[in-house]
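Model the full assembly from the supplied sequences, consistent with the hints where possible.
As a plain string of letters, each chain reads:
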Amino acid sequence: MELAGALQLGELASAFAALPIFPLFDTAYFIVSILYLTYEPGAVEMSRKSPFASWLCAMLHCFGSYILADLLLGESPIDYFSNNSSVILATAVWYLIFFCPMNIFYKCVSFLPMKLIFVAMKEVVRVRKIAAGVHHAHHRYHHGWFIMMATGWVKGSGVALMSNVEQLLRGVWKPETNEILHMSFPTKASLYGTILFTLQQTHWLPISEANLIFFFTMFMMVCKVFMTVTHSHASPFAPVENFICPVFFGSVSSGHTNHHHDHHGASHEVSHPPPPPAKSKEELNEGTRKRKAKKAE
Amino acid sequence: MELAGALQLGELASAFAALPIFPLFDTAYFIVSILYLTYEPGAVEMSRKSPFASWLCAMLHCFGSYILADLLLGESPIDYFSNNSSVILATAVWYLIFFCPMNIFYKCVSFLPMKLIFVAMKEVVRVRKIAAGVHHAHHRYHHGWFIMMATGWVKGSGVALMSNVEQLLRGVWKPETNEILHMSFPTKASLYGTILFTLQQTHWLPISEANLIFFFTMFMMVCKVFMTVTHSHASPFAPVENFICPVFFGSVSSGHTNHHHDHHGASHEVSHPPPPPAKSKEELNEGTRKRKAKKAE
Amino acid sequence: MELAGALQLGELASAFAALPIFPLFDTAYFIVSILYLTYEPGAVEMSRKSPFASWLCAMLHCFGSYILADLLLGESPIDYFSNNSSVILATAVWYLIFFCPMNIFYKCVSFLPMKLIFVAMKEVVRVRKIAAGVHHAHHRYHHGWFIMMATGWVKGSGVALMSNVEQLLRGVWKPETNEILHMSFPTKASLYGTILFTLQQTHWLPISEANLIFFFTMFMMVCKVFMTVTHSHASPFAPVENFICPVFFGSVSSGHTNHHHDHHGASHEVSHPPPPPAKSKEELNEGTRKRKAKKAE
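Heads up: the protein sequence lines correspond to chains A, B and C, in order.
Counted from 1, the first sequence has number 91 at position 91 by my numbering; the numbering is strictly sequential.
Counted from 1, the second sequence has number 151 at position 151 by my numbering; the numbering is strictly sequential.
Counted from 1, the third sequence has number 286 at position 286 by my numbering; the numbering is strictly sequential.
Calculated from the structure, these hints are not laboratory results.
We put the CB at the ideal spot given by N, CA and C, even for glycine.
Treat each hint with caution, since some may be false.
DSSO-like cross-link-like pairs, simulated, lysine-lysine; straight-line CA separation at most 27 Å [what the hints assert, rightly or not]:
| hint | chain 1 | residue 1 | chain 2 | residue 2 |
| --- | --- | --- | --- | --- |
| 1 | C | LYS49 | A | LYS188 |
| 2 | B | LYS107 | B | LYS49 |
| 3 | B | LYS188 | B | LYS107 |
| 4 | B | LYS188 | B | LYS49 |
| 5 | C | LYS188 | C | LYS107 |
| 6 | A | LYS49 | B | LYS174 |
| 7 | C | LYS49 | A | LYS174 |
| 8 | C | LYS49 | C | LYS188 |
| 9 | C | LYS188 | C | LYS115 |
| 10 | B | LYS188 | A | LYS49 |
| 11 | C | LYS188 | B | LYS49 |
| 12 | C | LYS174 | A | LYS174 |
| 13 | C | LYS174 | B | LYS174 |
Over 10 Å on every C-beta distance to chain B, these chain A residues come out as not near it, computed from the model [as the list claims (entries may be wrong)]:
| hint | residue |
| --- | --- |
| 14 | ALA13 |
| 15 | LEU19 |
| 16 | LEU56 |
| 17 | SER76 |
| 18 | PRO113 |
| 19 | LYS188 |
| 20 | GLU209 |
This is the structure in structure tokens:
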């Protein structure tokens, strides 16, 4: 029985890993990505004022992960745009979401049950991308652990990691925060996931790639669907982090800080503008996490 | 007669396409580009305070199109700087325009009749660059329509597309707008032109490259010279766009927007800073178009 | 005697040039680099709030020169991160400086005599990097003078040249200034140094690379140690520059500027925000030079 179960699971996992992504899952990915672009303040107005800029933003949301990965590996950042079919598909989704008569398409896809399906399907693509990214980097840098992780991470996080650039394209500029200072759940999950895939790729994790893809996809699906239903943004990693971080990274030791203050007043005089006070930062942090969680979904 | 005329035109076009660009037309290109750098507020003061930064800005204005194209195709962004003669020529122009005794050189080249000649010659270089960009991209991505367009476009627009970066180098930061949100005429013309050249390259447009270069150059010359003489910034594409855009991209449907407001208040709470109100944006838009039209010339 | 002395010096220089950099000198480089990160306002708080962002900043400070050089030459910007040992070493230094119990490590390395040794050792690495950068670029672009200089320069200046990006990562944004507008001593010295190494590489400077490395390292060591001891930021190049610059680049000719004002009022209306007034710029300039000098050390 045990064995049979294991076998069945193995077959299921490998069948799942062999599932073609294009066009079905990709479409879901594009829909959810562009859906969250419409949630950005001013995005809809922009689509009317300058459709081209809006289209470019949509492309960043759909293909940001490829652009970043190609940049990191020193390849052409628009290399993926040679897949005309994908770009045309993403363009069609963008057009339907923003300009469909009576806004029908938007209403359909943002109808919760529909949306949940798409959100779940998007995670399938995300995990595949992470695996592919780690695989690609491993192919070029056989022992480049950090490069594998970096590549897998950007493939999983996508546009979220270049949110400041994406905002700038829309004429918005929020320098006081960024996705790395305040990671959203998908970005963090991609980071942890890419570590697992790197360990698997370098044979430190005794599990088949298919199984890892299967289990990590399930985990991501459950988390994201749950978060979307409950509109919650609480990271499931929080408890673990709150336990581990204090051990390794301590808490703000004002003494340490003051020490610097005394010793290097000069460097502080010129701090201009001063970093926002902790409190406001916290609030902002909260708000940002909300928005970012959406964007990065 | 007809035939003879066609033949003559064909010969003229191919002769025109065979015209060497360096050094004459390049010089004109550098002169006009750096001339418009001097129009940037604070550019002249900067040339006195930190000549090196001013020189770097001038290089961006002269070679921005190569830098961007190389970035897009994943090559060394400073690859073109291996053409020492071009760089030295551009440096000489920069020096003469900013530091020539009694400002003679600047007065000569900005004397309208002279300037018009240079402006016309600059368009010759621009159109050649677009053709070369599309050609280069087509050579690497045989069916990469979007890559061909992107490459041709940045080759034609040049520094305008990286205006925010160029401003940042001068210590100026205007995040509320950019060349893609509010396209200047040259940027838009380059975009339409690169579409034509891409169609020609992929044999969808039944016209020889030489002829297309010839006719598009004539069009650009006439437009730019006219706009420079009349100090106007009205885009000749406006009528067509005003007719087509509403059909495909509608107008701001407040219902659509409100829908988002209700549905995703959260994402709005954190909009910080808020996007400037439409009215002020319009004004700015106007002003920007003015400045950008100049820069991108 | 003369000859013997020359021989001995030559042997000393070549022995010095053959000195292995890793791990000793690299460690010193990482220590000083990260030490100056801790001087950045808010850096210590950040290390507590988001250790990952802090680690990323530390990596930029340690490997910024490689990242920039790879970007310029169109290679993978994270290529150097395939040297796991270097990255792990840098990570260890980062951890010890920020999170060592009772802050012991920080106190040790920032104890002046110790610090001076590290500062001196860092210059050894800097000069080697410049030489290697010029060498690498010369290998790819045999006559690319400007590319050699650019590569050597970024290899020598490192993170200072991307300070705006590094600040943005920490949620700080100071667009009104940058390292190119107001060069710190190390950046300027790297620029002059890279010119010398380029001349040497192209056989215009009749001196062996080993000797040039030796003498330039000595010069940098003396300057940096002196500046660190005296907390001074006066550039030793100032006298020469103050003599040469006026000759070649004159001083602000208000006439010139006004001319633009009259002629191109339009371009000024839209200058928004206006460039800060000269006076405040000067102060800022001073302050910045202080901070930058530290960062770039």
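Right, here's what the structure says about each hint:
As the CA atoms of LYS49(C) and LYS188(A) are separated by approximately 15 Å, the hinted pair is consistent with the 27 Å bound. Restraint check: the Cα-Cα separation between LYS107(B) and LYS49(B) comes to about 22 Å, which is no more than 27 Å; the hinted pair holds. Between LYS188(B) and LYS107(B) the CA atoms are separated by roughly 30 Å; this puts the pair beyond 27 Å, and the hint is violated. Of the supplied pair hints, the one linking LYS188(B) and LYS49(B) is violated, its CA atoms being roughly 35 Å apart against a limit of 27 Å.
At roughly 30 Å between alpha-carbon atoms, LYS188(C) and LYS107(C) are farther apart than 27 Å, so this suggested pair is violated. Taken as a hint, the LYS49(A) and LYS174(B) pair is honoured in the structure, with Cα atoms around 19 Å apart against an allowance of 27 Å. For a cut-off of 27 Å, the pair hint linking LYS49(C) to LYS174(A) stands: about 19 Å separates their Cα positions. For the proposed pair LYS49(C) and LYS188(C), the alpha carbon gap of about 35 Å is over 27 Å, so the pair is violated.
As the CA atoms of LYS188(C) and LYS115(C) are separated by approximately 22 Å, the hinted pair is consistent with the 27 Å bound. Under the criterion of a C-alpha separation no larger than 27 Å, the hint pairing LYS188(B) with LYS49(A) is consistent with the structure, at around 15 Å. With a CA separation close to 15 Å, the supplied pair LYS188(C) and LYS49(B) stays within the 27 Å bound. Proposed proximity of LYS174(C) and LYS174(A) is supported: the alpha carbons are some 13 Å apart, at most 27 Å.
Among the hinted pairs, LYS174(C) with LYS174(B) is consistent with the structure: their alpha-carbon atoms are about 13 Å apart, no more than 27 Å. Against chain B, the non-interface label of ALA13(A) holds: every CB pair exceeds 10 Å, the least being about 35 Å. Under the 10 Å C-beta cut-off, the non-interface status given to LEU19(A) relative to chain B holds; the minimum distance is some 26 Å. For LEU56(A), the requirement that its beta carbon stay farther than 10 Å from each beta carbon of chain B is not met, with the minimum near 6 Å.
The non-interface label for SER76(A) is inconsistent with chain B: the shortest C-beta to C-beta separation is roughly 3 Å, within 10 Å. Every CB of chain B lies more than 10 Å from the CB of PRO113(A), the least distance being 16 Å, so the non-interface label holds. Even its closest Cβ contact with chain B, about 19 Å, leaves LYS188(A) beyond 10 Å, as expected for a residue assigned away from the interface. With a minimum CB-CB distance of about 28 Å to chain B, GLU209(A) clears the 10 Å threshold, and the non-interface call stands.
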